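Undergrad: One letter stands for each residue in the lines below.
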Amino acid sequence: MAVSIRHLRRHYAGPDGSVVPVIDIAEFALADGEQVALAGPSGAGKTTLLHLLAGILTPDAGQICYTFGSAAPVDLATLSEARRDGFRGRHLGYIFQTHHLLPGFTALENVLLGMSFSGRPADPAWAEHLLKEVGLGERLHYPPAKLSLGQQQRVAVARALANRPQVVLADEPTGALDAVSARQTLDLIRRLCTEVKAALLLVSHDAAVTAQFARAVTLAQLNRSVAP
Amino acid sequence: MNSLQIIFRQMRQRALSTWLTLLSVLLGVALAVAVLVVRRDAGRLFGQTDYGFDVLIGAKGSATQLVFNTIYHIDRSPGNIPYSLYTDLLSSPAFRPLVRIAVPTVVGDSYRGRRIVGTLPKLFGLDDQGAPLPPDRVLEYRPGRTYQIAAGRVFAADKFEALIGSDIAAETSLQLGDEFQATHGLPAPGEIPDIHKPRWKVVGVLQPTHTSADHVIFIPLLSFYTIAEHGVGLVAQKALRDGQDPAAAIAEFKAQVAPGAKDDDEAPDNFTLDAEGHIQLQLSPEVWGLSAILVQARSQPLALGLMYAVNNGSVASAVNPALVMRDFFGLFLRGPTLVLLAVSVLVTLVAGVGILVSIYNSVAARAREIALLRALGATRARILGLICAEAGLIGLMGGVLGLLVGHLLAGAGSFWMRQWLGESLNWTTVDGQEGYYLAGVVILATLAGLVPALKAYRTPVAANLVAN
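Protein sequence lines, in the order shown, are assigned to chains A and B. Per the numbering used here, the very first residue in the first sequence carries number 18; after that it's consecutive. Per the numbering used here, the very first residue in the second sequence carries number 2; after that it's consecutive.
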């Protein structure tokens, strides 16, 4: 099992100080190499769940256990912030809805940047390979401003896979793309995750996207006490 | 990518802001370093103890003026002392045991803005007959260094000949074999020069000494007194010293050297030349005046004794040039250079604030990028370190460039001082003080980066990742 969630809760404070529950999941698991789509309307808390899974946010309660191979499970919820950051850098890949490339860095440098915080030596050959895989072998040294939106998102995909992560969390990765680019990008993510044997949890509100996955769940199904 | 590469990419991303911040650091450091170099070397220059002679004797008055005028050839001569004092130094029982070497000088004229100094061949290692002096009887302009001839020879003691400093050829176009006429005093721009009648011939060029002597034209002491106006002036001065009527003394002098002359206003020639060009001066040595006498005493205690003896007389004053210049530096240079240094430090502090503001603004603008770095696995401490290191790096780069520019500024100052004083600064040497200053600048810059770094440290990741 790559990641399993138990009794995960997270709330936000409302404008009037009231408690607004967002996440209340009894159980959810993602197997090694499994690819799952998470559907739900905008504002339902999908991104919050991904942030919790990535250790960017901490839960109010519950466990987020990562188990890789025969290693002992790691409960992300119990780690300090610095250790969560390190864990994220080493084991997780994150693809944002908007590409979030650093403008001062070339395509290749943006991918190499993804390797900078993993604690492992940088692997420029792998970074170049990934960029070739996403069809940008001729644009390694282009700054983001000289790439189209679709190309920028493909760089972001390559960056998320730069550390050969065990789990990739993708937050509406095709949301800002046209239909053709969206299709290509989705195929790319799935193919590369398969190549590096990473589990994939992909968030989308687009039924056409989630329909392509063998397993698709909605946040409403996972949340037991949060009003839709 | 390592941290340094990440920092350089971030700096490149906002190149204009980075360069402007760097420039402000550079200017602050350059100013401070230039002041430090000038302060250090001016102290060495003016506080030096290696003039090669112990005592400077001149007219009573400002000791600083005497040293400036005699050694650096700037400022006006404080007045004349009788030539008899020089002969007393060499022969009187009171002074002779104290004095090892004494060389008289007289000033008052110039050529194309460069000073003419009347002196004896002994300053250049020859006696009045042109024979070499024993080495221990030759005055050193710096310990172990005596004037050397680069071309030609030393002037004869009683001819209209001149020996020029090494820079004079370039400054005045005078060459070996050229003749020139002296100008009375140093005319101000636009002032009609009073050109004396005698013509001197350049017979020698000195080797560079890297002192003010490189900008001086040396002529025989005797030839200085052949200038008619000097003769009349010296007669008047002698009369005043003796309590007599100077007008009567001048009239008597004119009647003696030019009997029957009708023009009372014109100073008469007071010399003749023999067939070989030797000067036959009609002005008695009793009338001669000197601007200064350079003295090397037989020992340091005897130098003190000599100064005591001269200063307690009514004729002249004697000073130790090293002490005078050290006092001058302490009184007049240390304060202003301290103020300049303080201004430079303030400029550097302002540059530090500039770093703070620049990076703070960039952090505010880069909140999403910082959140992204965090999302990629960068810890808060790593972000803090990156921002502080960026600030420190700007401080280091600005500091090193500032150090370079500061030394170039000091080099320009050195060039100007060489033109003005004949002395130059050692502007290429970097000393520990500058090293400490540079380290201080880097620390200051790094601390300045701490404020924006703490802002970056506190950047909420989730909120900035979803914000568009």
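One or more of the hints may lead you astray.
Stated by the list, open to error - Simulated crosslink set (SDA-like; lysine to any residue; CA at most 20 Å straight-line): (1) Lys456(B) / Lys163(A); (2) Lys163(A) / Gln301(B); (3) Lys456(B) / Glu98(A); (4) Lys163(A) / Lys202(B); (5) Lys456(B) / Ala99(A).
Since the hints were derived computationally from the structure, they do not count as laboratory data. All values reported here derive from a predicted model rather than from experimental measurement.
Undergrad: Next pair to validate is Lys456(B) with Ala99(A); report whether the Cα-Cα distance is within 20 Å.
TA: This hinted pair holds, its Cα atoms lying about 17 Å apart.
Undergrad: Would the hint linking Lys456(B) and Glu98(A) be met if the CA-CA limit is 20 Å?
TA: Since the Cα atoms of Lys456(B) and Glu98(A) sit roughly 17 Å apart, the hinted pair holds (cutoff 20 Å).
Undergrad: Keeping to a limit of 20 Å between CA atoms, is the pair of Lys163(A) and Gln301(B) held or broken?
TA: violated, 80 Å
Undergrad: Next pair to validate is Lys163(A) with Lys202(B); report whether the Cα-Cα distance is within 20 Å.
TA: violated, 77 Å
Undergrad: If you draw a straight line from the CA of Lys456(B) to the CA of Lys163(A), is it 20 Å or shorter?
TA: violated, 31 Å
Consistency with the previously given hints fails for numbers 1, 2, 4, ordered from lowest to highest.
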